[in-house]
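The numbering of the sequence shown is this note's numbering, which starts it at 16 and goes up by one.
Check each hint, because a few of them may be wrong.
As the list claims (entries may be wrong) - Simulated restraints on C-beta separations: (1) Val79 to Ala174: 35 to 41 Å; (2) Thr167 to Ala37: 28 to 34 Å; (3) Asp39 to Thr158: 22 to 28 Å; (4) Arg41 to Thr105: 19 to 25 Å; (5) Arg208 to Thr167: 20 to 26 Å; (6) Glu57 to Glu100: 19 to 25 Å; (7) Thr21 to Asp166: 25 to 31 Å; (8) Asp150 to His109: 43 to 49 Å.
Keep in mind that the hints were calculated from the coordinates and are not lab data.
For glycine and all other residues, C-beta sits at the position ideal for the given N, C-alpha and C.
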Amino acid sequence: MSVTWTPALLAAVDDAYDRRNASDGRSRFGAYLRDRCARLHEDGTPLPAEDFAAAVWPIATAPVMSPGYVRLRPDIRAVTPAWSEYGHLTVDVHVPLGRRALVADRAVPGRWRDWDRDLAPGEEPYRYWWEPDGDRPALLTTTVIRLPVDDTWNLPTPAHTGGPGLVADAKSAVAAVADAVNRLAGPVVAALRDEAAPAGRFGRWPCPS
16 MSVTWTPALL AAVDDAYDRR NASDGRSRFG AYLRDRCARL HEDGTPLPAE DFAAAVWPIA
76 TAPVMSPGYV RLRPDIRAVT PAWSEYGHLT VDVHVPLGRR ALVADRAVPG RWRDWDRDLA
136 PGEEPYRYWW EPDGDRPALL TTTVIRLPVD DTWNLPTPAH TGGPGLVADA KSAVAAVADA
196 VNRLAGPVVA ALRDEAAPAG RFGRWPCPS
């Protein structure tokens with residue numbers, strides 16, 4: 016997949032690769048869904064929109080699919096759905112930060128390791144962040160942007176429990192999640208990386224009313 020990553024683009028659907036590399040000639044993602052079909056409905060009844068999105072997103076992303084139907088920008092560790100103790104669906108965006116981003120950086124011993132950055136060309140400036148070798152102590156900082164899922168995410172309600180219809184439902188669901196992650200978390204990640212998101216393209220960080 017050839018994606019031009021931008022400061023606020025964190026997740027991108029790769030539908031062309033999915034079709035081109037499908038073992039059944041239709042959808043590579045669809046094959047993964049078929050293998051896990053039992054968890055994508057409730058006794059033959061389609062799941063509610065939030066439950067369905069939470070179930071299909073991990074299938075669409077690495078490490079289940081590698082490369083994923085949804086690709087994450089190399090400097091993003093993970094995007095994971097989770098349920099709060101009150102039953103609310105959230106989506107967590109895991110962003111590794113170098114220790115220079117910490118106010119207490121000067122207190123960290125100099126021999127301690129930080130995140131390693133992938134030196135391979137091709138994804139500048141969004142290279143992979145790797146855990147260092149374990150031969151020395153390390154301070155590995157990750158910030159989590161937690162996004163509550165609400166009506167503004169426009170999650171589609173699935174209408175199928177199998178076949179091409181289920182695949183289409185799943186593709187629509189993960190596309191909606193990717194769009195919301197980019198819209199809501201993208202500008203925040205851009206700020207953490209000292210980059211500017213395109214003015215007016217993404218909404219403001221949501222504040223309680």
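**Prompt:** Which of the stated hints cannot be reconciled with the structure, identified by number in ascending sequence?
**Reply:** 1, 3, 4, 8
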